[in-house]
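There are 2 protein chains.
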Amino acid sequence: MGLIKTSPQRRKTAYHSRLRAMEYRVSAPEVLREPLVVPEKLLMGPGPSNAHPRVLEAMSRPILGHLHPETLKIMDDIKAGMRYLFQTNNAATFCLSASGHGGMEATLCNLLEDGDVVLIGHTGHWGDRAADMASRYGADVHMVRATSGSSLTLAEIRKALETHRPSVLFLTQGDSSTGVQQGLEGVGALCRANDCLLIVDTVASLGGTPFHMDRWEIDACYTGSQKVLGAPPGITPISFNHRAVERYQRRQTKVKVYYWDMFLVGDYWGCFGRPRIYHHTISSTLLYGLREAIAIACEESIPSLISRHQDCAKRLYDGLLAMGFELYAQERDRLATVTTIRVPTGVDWLQVSQHAMKTFLVEISGGLGPTAGQVFRIGLMGQNATSERVDRVLQVFRESVKAVKPDFVFRKSTSKM
Amino acid sequence: MGLIKTSPQRRKTAYHSRLRAMEYRVSAPEVLREPLVVPEKLLMGPGPSNAHPRVLEAMSRPILGHLHPETLKIMDDIKAGMRYLFQTNNAATFCLSASGHGGMEATLCNLLEDGDVVLIGHTGHWGDRAADMASRYGADVHMVRATSGSSLTLAEIRKALETHRPSVLFLTQGDSSTGVQQGLEGVGALCRANDCLLIVDTVASLGGTPFHMDRWEIDACYTGSQKVLGAPPGITPISFNHRAVERYQRRQTKVKVYYWDMFLVGDYWGCFGRPRIYHHTISSTLLYGLREAIAIACEESIPSLISRHQDCAKRLYDGLLAMGFELYAQERDRLATVTTIRVPTGVDWLQVSQHAMKTFLVEISGGLGPTAGQVFRIGLMGQNATSERVDRVLQVFRESVKAVKPDFVFRKSTSKM
Numbered sequence: 001m002g003l004i005k006t007s008p009q010r011r012k013t014a015y016h017s018r019l020r021a022m023e024y025r026v027s028a029p030e031v032l033r034e035p036l037v038v039p040e041k042l043l044m045g046p047g048p049s050n051a052h053p054r055v056l057e058a059m060s061r062p063i064l065g066h067l068h069p070e071t072l073k074i075m076d077d078i079k080a081g082m083r084y085l086f087q088t089n090n091a092a093t094f095c096l097s098a099s100g101h102g103g104m105e106a107t108l109c110n111l112l113e114d115g116d117v118v119l120i121g122h123t124g125h126w127g128d129r130a131a132d133m134a135s136r137y138g139a140d141v142h143m144v145r146a147t148s149g150s151s152l153t154l155a156e157i158r159k160a161l162e163t164h165r166p167s168v169l170f171l172t173q174g175d176s177s178t179g180v181q182q183g184l185e186g187v188g189a190l191c192r193a194n195d196c197l198l199i200v201d202t203v204a205s206l207g208g209t210p211f212h213m214d215r216w217e218i219d220a221c222y223t224g225s226q227k228v229l230g231a232p233p234g235i236t237p238i239s240f241n242h243r244a245v246e247r248y249q250r251r252q253t254k255v256k257v258y259y260w261d262m263f264l265v266g267d268y269w270g271c272f273g274r275p276r277i278y279h280h281t282i283s284s285t286l287l288y289g290l291r292e293a294i295a296i297a298c299e300e301s302i303p304s305l306i307s308r309h310q311d312c313a314k315r316l317y318d319g320l321l322a323m324g325f326e327l328y329a330q331e332r333d334r335l336a337t338v339t340t341i342r343v344p345t346g347v348d349w350l351q352v353s354q355h356a357m358k359t360f361l362v363e364i365s366g367g368l369g370p371t372a373g374q375v376f377r378i379g380l381m382g383q384n385a386t387s388e389r390v391d392r393v394l395q396v397f398r399e400s401v402k403a404v405k406p407d408f409v410f411r412k413s414t415s416k417m
Numbered sequence: 001m002g003l004i005k006t007s008p009q010r011r012k013t014a015y016h017s018r019l020r021a022m023e024y025r026v027s028a029p030e031v032l033r034e035p036l037v038v039p040e041k042l043l044m045g046p047g048p049s050n051a052h053p054r055v056l057e058a059m060s061r062p063i064l065g066h067l068h069p070e071t072l073k074i075m076d077d078i079k080a081g082m083r084y085l086f087q088t089n090n091a092a093t094f095c096l097s098a099s100g101h102g103g104m105e106a107t108l109c110n111l112l113e114d115g116d117v118v119l120i121g122h123t124g125h126w127g128d129r130a131a132d133m134a135s136r137y138g139a140d141v142h143m144v145r146a147t148s149g150s151s152l153t154l155a156e157i158r159k160a161l162e163t164h165r166p167s168v169l170f171l172t173q174g175d176s177s178t179g180v181q182q183g184l185e186g187v188g189a190l191c192r193a194n195d196c197l198l199i200v201d202t203v204a205s206l207g208g209t210p211f212h213m214d215r216w217e218i219d220a221c222y223t224g225s226q227k228v229l230g231a232p233p234g235i236t237p238i239s240f241n242h243r244a245v246e247r248y249q250r251r252q253t254k255v256k257v258y259y260w261d262m263f264l265v266g267d268y269w270g271c272f273g274r275p276r277i278y279h280h281t282i283s284s285t286l287l288y289g290l291r292e293a294i295a296i297a298c299e300e301s302i303p304s305l306i307s308r309h310q311d312c313a314k315r316l317y318d319g320l321l322a323m324g325f326e327l328y329a330q331e332r333d334r335l336a337t338v339t340t341i342r343v344p345t346g347v348d349w350l351q352v353s354q355h356a357m358k359t360f361l362v363e364i365s366g367g368l369g370p371t372a373g374q375v376f377r378i379g380l381m382g383q384n385a386t387s388e389r390v391d392r393v394l395q396v397f398r399e400s401v402k403a404v405k406p407d408f409v410f411r412k413s414t415s416k417m
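Order-wise, the sequence lines are chains A and R. Counting in the UniProt record's numbering, the first sequence runs from 1 upward without gaps. Counting in the UniProt record's numbering, the second sequence runs from 1 upward without gaps.
It is possible that some hints are incorrect.
Since the list can't tell identical chains apart, any single copy or any two copies may satisfy a pair.
Stated by the list, open to error - In the SDA-like style, the derived pairs of lysine to any residue whose C-alpha atoms are separated by at most 25 Å in a straight line are: (1) K402 x H68; (2) K358 x L36; (3) K41 x E70; (4) K73 x L56.
Derived by calculation from the structure, the hints in this document are not laboratory data. From a predicted model like this one, the values you see are computed outputs, not experimental measurements.
Produce the complete structure using the sequences and hints provided.
This is the structure in structure tokens:
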């Protein structure tokens, strides 16, 4: 350490070093001497998607402190970009330092207190997850279930609101487990008429399908960084409107989780016009990646981003149907970003998925929750929503099914693929 | 998107594009057209510290899926490395996808239920924070306070345990707000004798001072990634021993926070011998950085890592005292990683800190919580714990104090610095 030591000191240090070495009962693992291995894969599952090279480059920039002016500036840029992507003017638009699940928990625990009634619209796995979380927070949880592969109609939602009289309705715009897209127009007005707040999960849908937080009168929403945005996972954009903020202000009890507390995190993000306060040490690295990803999305613009995803989804559906596969989600309810394909009788989905990965380094996923074992899931998100990648994943899917089940009968018309 | 469109379709698309464009009430912010700016700074505050170039390089690797075998392998490597750094054989050693606060909340909410008595050892800001969190989870919170600038004695801890009969004792090994190090030897045995679990926060201390989870009979602990390890912030190593796991298993109620639930996250990390299950989408990027940082620490070995930090701290204390400054923490309780310096009368700490940053791009921090306005804080962590950087920060500190208060009287003996 550059300290000049006299001989007696050196002897003493050597003695202490031996003593200290004996104190260590757990050895350093040999495995960490091997280099880090990260293969380059084509991520055509329901997320994460491949990040743009600009995003990856940004993430190798030096670490900054959590209250440095440059960090606060990047946070402000992200807030502005997310207001555009959510289509909202909400002051309380910021990010949680957590995965998308953090968004789900933060909306629920900020807006619910013990005994509050919450209604969960169930279109797949995420409804189950939200119900689990809300019940842990002490809410009285009710569920309104859509038919398998379908979304809820406005009439079904109205009836459930009138039956259960919830203070909060939770919906998932794009359920990545079923590939079902929930319509949102008109739901906000229904909620206001029933003195209910509307929370919407846009993790898998934002950027791939229209979303208008303010116009649709949505009170709280969140998205995933690693889906259409193609940013690294681990940071979650979230937004609360004035009705949600007022509900928070009327709470009788503190929000149970310090880490999710809207006012504490929001003050760190400078959302409420008060001085920025320290709440937690944010990951500057994830901020760099997210800012870059949002900048790329803003450069492209929402209309182009959405058309691109919708066009690619159409190309994928057509390709799959032409090969003879059946889609899981009803046509009118199909989510552009995640396509669910029924596993044909006699086909082992896991072998197909493994073949695609092993042979082509292409990710094609299986089902999740209610669709486990029943569907394949192909994601088209961000950088991966191009006609070239649609064609690539169709080809890999076809080859993998053929490899696993050589006698599988494809429709003749598509034998050229 | 490469789709060939007939003229009527193109016209229709153009019409819809115009319509869609009109629907967007919030515009894309101009500020995102400017490039991302990340200056290179010397981070000599209480964390984050500067990351090693190998860590930064790792973070620009491609994104992997959260259940890919390569990702699971990296997670296993991290578990092995953290068992070495915590000096534990605990199966339940894993990471949370959150900042260090997540560790605090996860230990408390996994081990506490409504009405449980918790005793918080208060040596600074982190005791207040833990008390806030525990009370939100419904615990009956008691505090035992150390004298300012000191740690708690074993006698004080014994007396508080016997008075309050807590089921959980929470201590901070290195309180970064006061620069105080809490002694831990003997506390575990006291806790066992009183049927109490011992949680220790090692966020600011691990790697800079000895820590022996198993030998010291600590039941739960966590650390920060961005301190001595010099990994990116946003991912938090945590460990629970068999007593903590048994306490979890005897719970009458579910852990309130899904995201912190030991068994759900632990199963994702493969800690309990059950199949790996999906819990959340982990940030592969943060895993790359953390694995690399842990590998670097293992290569150096714990004894060397600790001597380096202790030697540098000694050099810093000597330099500061020689200049005439007074240290805040008592000599026997000084934390090697964060040094607290009393702000001399008539010196504006904020101006000094701002001068250091503006003129030298060197971070020197002010106080936090109970020490706000009273101290400067200088951190020596990971890559920054070298004699060269100690000398650099001493020089910058001296120059900044002189610039802000030209008539400040430095001790003569150090005028050469």
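Results for each hint:
| no. | hint | verdict |
| --- | --- | --- |
| 1 | K402 x H68 | between (55 Å within a copy, 23 Å between copies) |
| 2 | K358 x L36 | within (19 Å within a copy, 37 Å between copies) |
| 3 | K41 x E70 | between (33 Å within a copy, 11 Å between copies) |
| 4 | K73 x L56 | both (20 Å within a copy, 21 Å between copies) |
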